[in-house]
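The residues making up each chain are set out below.
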Amino acid sequence: KAGVTQTPRYLIKTRGQQVTLSCSPISGHRSVSWYQQTPGQGLQFLFEYFSETQRNKGNFPGRFSGRQFSNSRSEMNVSTLELGDSALYLCASSQDMNTEAFFGQGTRLTVV
Amino acid sequence: AQSVTQLGSHVSVSEGALVLLRCNYSSSVPPYLFWYVQYPNQGLQLLLKYTTGATLVKGINGFEAEFKKSETSFHLTKPSAHMSDAAEYFCAVRRYSTLTFGKGTMLLVSP
Chain A
1 KAGVTQTPRY
11 LIKTRGQQVT
21 LSCSPISGHR
31 SVSWYQQTPG
41 QGLQFLFEYF
51 SETQRNKGNF
61 PGRFSGRQFS
71 NSRSEMNVST
81 LELGDSALYL
91 CASSQDMNTE
101 AFFGQGTRLT
111 VV
Chain B
1 AQSVTQLGSH
11 VSVSEGALVL
21 LRCNYSSSVP
31 PYLFWYVQYP
41 NQGLQLLLKY
51 TTGATLVKGI
61 NGFEAEFKKS
71 ETSFHLTKPS
81 AHMSDAAEYF
91 CAVRRYSTLT
101 FGKGTMLLVS
111 P
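Going down the list, the sequences are from chains A and B. Residue numbering for the first sequence follows the working numbering, beginning at 1 and increasing consecutively. Residue numbering for the second sequence follows the working numbering, beginning at 1 and increasing consecutively.
Hints listed in this document are in silico derivations from the structure and should not be mistaken for laboratory results. Glycine is no exception: its CB is placed at the ideal position from the N, C-alpha and C atoms. There's no promise every hint is true.
[Stated by the list, open to error] For the chain B half of the interface with chain A, some residues (derived, Cβ under 7 Å), not all of them:
#1 Y32
#2 G43
#3 L48
#4 K49
#5 R94
#6 Y96
#7 S97
#8 T98
#9 F101
#10 K103
#11 M106
From just these sequences and the hints, can you work out the full model?
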């Protein structure tokens, strides 16, 4: 069974631009979550989607958004990038709530 | 609200020595607990999980963890460290769709 696939692996953007990251979950998993990892703040929950609906959202500004498609693939978008958005963005898939989550390799975003 | 505390941002052991990484949690409901490992420039790999049932949980690569409700702890152990165990380890508690992570413990293994 293929694991969680995130694309691209690395991204460099300029302040003020926007970016879209993609995540393909494990086949059969309907829940996709996104996390931001930085040296200062650690791993922080962004949001979770299940069957195309956002079920839960973390404490991030509205510049961070996401969506999920009917095939469970998910995208997250960050608009008006700031230097502080530089981070490793991790996607996790699971069958449902309170089950184990499996993570992708992450997308390393650098904002310059 | 859930929270996770990992004692020690860095732990150093010699190859062949016991590995003990500490994790304490707070949870308002019976917890679902996990340990993940992260190698440089990689995502998180699930080591083991506790949901219900047996309190001693065995995971991959020889790791195990014991859930102690009275101590609100879920410490990770491995009897004999290997050089390939050098990585960062994260303890997490899950409630519904959210994982709350500790700050991580970097395990250093010396020959």
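Results of checking the hints against the structure:
1. With its C-beta approaching chain A no nearer than about 5 Å, Y32 of chain B sits inside the 7 Å limit, and its interface hint holds.
2. Because the closest C-beta pair between G43 of chain B and chain A is about 4 Å apart, less than 7 Å, the hint holds.
3. Checking L48 of chain B against chain A: minimum C-beta separation of about 9 Å lies over 7 Å; hint violated.
4. The interface hint given for K49 of chain B is met, as the beta carbon of that residue sits about 5 Å from the closest beta carbon of chain A, less than 7 Å.
5. Look at R94 of chain B: its Cβ gets to within about 6 Å of chain A, closer than 7 Å, so that hint holds up.
6. Checking Y96 of chain B against chain A: minimum C-beta separation of about 5 Å stays under 7 Å; hint holds.
7. Interface restraint check for S97 of chain B: the shortest CB-CB distance to chain A comes to about 4 Å, inside 7 Å, so the restraint holds.
8. At about 5 Å, the closest approach between the beta carbon of T98 of chain B and any beta carbon in chain A falls short of 7 Å, and the interface hint on this residue holds.
9. Proximity of F101 of chain B to chain A holds as hinted, the smallest CB-CB distance being about 4 Å (cut-off 7 Å).
10. Taken as an interface hint, K103 of chain B checks out: its beta carbon lies about 5 Å from the nearest beta carbon of chain A, inside 7 Å.
11. With 7 Å as the threshold, the beta carbon of M106 of chain B stays out of range of chain A, its nearest partner Cβ sitting at about 12 Å, so the hint is violated.
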